[in-house]
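> Here's the letter readout for the chains.
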Amino acid sequence: MARFLVGRVLQGVFVLWAAYTLSFAVLYALPSDPAAIAAGANNSVTPEQLAELRHEMGLDRPLAGQYLAKLGGALHGDLGTSLQSGEPVTSLIGAALPPTLAVAGLGLVLGALLGTGLAVLATVTPYRWLRQALLGLPPLGVAIPSFVVGLLLLQWFAFAWNVLPAIGEGGWRGLVLPAATIAVQPAALIGQVLARSMEGELGKDYVDVARAKGAGPFRVNVRHVLRNAALPTLTLAGLLVGGLLTGAIVVEAVFSRNGLGRITQGAVAAEDLPVVQGVVLLGAAVFVTVNLAVDLLYQVLDPRLAIERRTAGTARFTLFGLAGRG
Amino acid sequence: MYRTNPTGKIKIAAVAAAAALLLAACGDGSSAAGDKGDGKPKAGGTLTVALGGDPVSVNPRAVTPLVREVSRPIVDSLLALDPATKKPVPWLAESVKANADATEFTFKLRSGVTFSDGTPLTAKVVKDNFDDIVANKAKTAGSSSVALLDQGGYKGTDAPDDLTVVQHFAKPYPTWPLWAAGTAFGILAPKTLALPLDARFDKIVGSGPFVLQSYTKNSQVVLTKRTGYKWGPKTAKNAGDAYLDKVVYKVITEPSVRTGALKTGQVQLASALNPADIAPVRAAGYAIVAQRNPRLAEGLVVTGADRAPLNDVAVRQALVKAVDAKQVRDTLLTPEWGVPDSVVTGTTVGHADESALLKPDQQAAAALLDKAGWKAGSDGIRTKDGKRLTVKLGWLDRGNPWDQPLVELVTAQYKKIGVELKPELATAAQSVAALTARTKWDLFLSGVAGALDAGVGLAGTFSTAPPNFYNIQDAPLQPLLAKQATTTDEAARNTILADAQRRILSEGLFTPLVEDTNVVATGKKVHGFAFDADSRLPTLQDVWLS
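Those protein sequence lines, which keep their order, are chains A and B.
FYI, full-length UniProt numbering numbers position 35 of the first sequence as 35, with every residue one higher than the one before it.
FYI, full-length UniProt numbering numbers position 465 of the second sequence as 465, with every residue one higher than the one before it.
Incorrect hints may have been included.
Calculated pairs, DSS-like style, for lysine-lysine (alpha carbon to alpha carbon, straight line, at most 27 Å) [unchecked claim]:
(1) B:K392 with B:K415
(2) B:K237 with B:K40
(3) B:K384 with B:K371
(4) A:K70 with B:K137
(5) B:K139 with A:K70
(6) B:K97 with B:K230
No lab work stands behind these hints: they were computed from the structure.
Let the sequences and hints guide you as you build the complete structure.
What follows is the structure in structure tokens.
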């Protein structure tokens, strides 16, 4: 187990380095000039002033030198300062992380509960029409853009009925609408995948055995089928977490909240490269952690996988191979 | 020199506006028009203001579109501008005197002024402020503080005694008092100047009627009342402390949410209203305050005057005549927006009414093109020597909900005279690259460049001096642009500015489309709100809540 973990952590470090390097290459190879963007597209800036600004921003140094200096800083936890405000990137992201975590975390929990509930209900119900109606919801949830959901929720709950605040980070009441908005997509995805795989599991022999032993439909579905059907859904976790960041960009704009989404959007628009790189690094770190956690969870849910790995002897769970497992 | 908002806002504004319209029926429609009668001002309370975006920094010299709004109440300037006359009036300086050729300005400071940390305002502090701008010049390229000092060839500031400030310029700079009144030259406390530039974004100490409490990125700016404030500008109605105890600026990027929050009482003042929001908000009983921005009108700048087809002045003139700006206003905007009648908007100092040159006349436009040899083609687009009359337009999303339909409308208006417009939407970065490349676009939808005085916007956009961002070719215009900047006699200067505006329009170098307008809705308990001379949010010293 220890060997497995060390291997995975080393892999994770490699992924982080690769993400950092790749993002540097892509961002700095862009034909546009961050200094010109910072100074604004106006005639009052002379070419000499622009050259000076480039020097101040360290953009006139050779790319390799810039890369090494930045990588060295990043290894010491220094991601540089925002080109827009001068604020350190770490404190900028540090301040944006808690509000995003709150919304995304609550949204994910809500989405998982809703999605699971929907799948279980659709499988358990004896009524065909209810089943059809429930299974029609996930495609609808995926199809409606989340800003539409957000604006509709705002119009009803905040503006028309005035029961929840429309703006701001303050308190749990401000969390409800954004979390509900961000939960729609994960709920739809989880509901869809889980319902399909539960359907598949229901035809298997162990279900007949459980039924024969006198288990009711609820016990069969939740105790036996759900556990086995959860594996493909778990594989979605990495995708869902990525989706949450994109969801945050929209939700934070609609509900006027600070957070990673807003930071990302602002930094990309202004080509605030240090901030963009910080966000990429954080995103990579989250992916690595989530995938590691999913791998470990797999073994808890399905002990056969742990045995398989022990007999195979090597850590054959690669980050990318994992996706094919569903 | 206030910048347009370059952030590529998520394009949900249009949908949001549509959703707001659709759902307006579910909204609050019960409230009647509030009593806006100005009774006796009352002290106390918190004013929450909905801002359209994140100010990014509270440092008045930062290069961001909204820093002006949040820093104005914190820092005082040497002078203020009378909103009615746009003339400088005393603020931190009791008087200003220029020498005969306007290269030297002597400010007499008011005595007894202190910063909110208790340190007194002296001539030395003012000098340190300007020295600081020069010292940080490289890092703040593009900021209005740097650009406006450069414009006059700033040489330096002296402090001969505690209350006298003397500033020197290499060139005559008659408009300097106008700029000295701007937030970009707000006087910062020594405590703030001691910090490195990067560390100042949320630590600004000034002598204004409000004190910065906190800035939370993308969320809010909180100000509290400064007690013992008694040096407001001469035009302020309130001579002493501000009435409000606290001001909270909430960053709300969605226009429909700004007005929604106003209706639910989460904010009492919603800024940057979109045209579609105005009628429902007014119908719900809120006051609308609108003022045109003093600057260049939003319009089409010719960036391809050095090549066919726009190197022909007849084609350029035809394009100006093809456009009906009143139709733009009537279909896309509301009556709060004016119909542009010159290169700069009507509230700009030095504006000259050139509406005679801007009468839409499709027949005359068609005749000009006929004469220039562009014959009607089979599909309605004119051709000459086998070439179609196609004009490429670059534009970027500045977050204005009307820009997309505006481009479509202009495309349709051009088509009526047989000109094919090919618009291309670009990001801020792409447009910088495309304009630098010169040959990519024939026209560019320029936003809201320029400043309170027409000279800055005209010279900034139509000068051929490097970097000549818009690839301007018109040589006869250049002496006018140079001369207006240094002419000290006001009437003579206004004549030159009018000549320049006429030259630009008659040469077809610019087609004004929209007079950029600031629109604010105020809650029923808000009194005493009025825009500053530059159509931006005021110091809020006069605002009170009932």
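> Against the 27 Å threshold, does the CA-CA distance of K139 (chain B) and K70 (chain A) hold or violate the hint?
Holds, at about 20 Å.
> If you draw a straight line from the CA of K392 (chain B) to the CA of K415 (chain B), is it 27 Å or shorter?
13 Å, holds
> Next pair to validate is K70 (chain A) with K137 (chain B); report whether the Cα-Cα distance is within 27 Å.
Roughly 25 Å separates the two Cα atoms, so the pair holds.
> Can you confirm whether the C-alpha distance between K97 (chain B) and K230 (chain B) stays at or below 27 Å?
24 Å, holds
> Would the pair K384 (chain B) and K371 (chain B) pass a check requiring their Cα atoms to be no farther apart than 27 Å?
11 Å, holds
> Check whether the Cα positions of K237 (chain B) and K40 (chain B) lie no farther apart than 27 Å.
12 Å, holds
The structure fails none of the hints (numbered hints given earlier).
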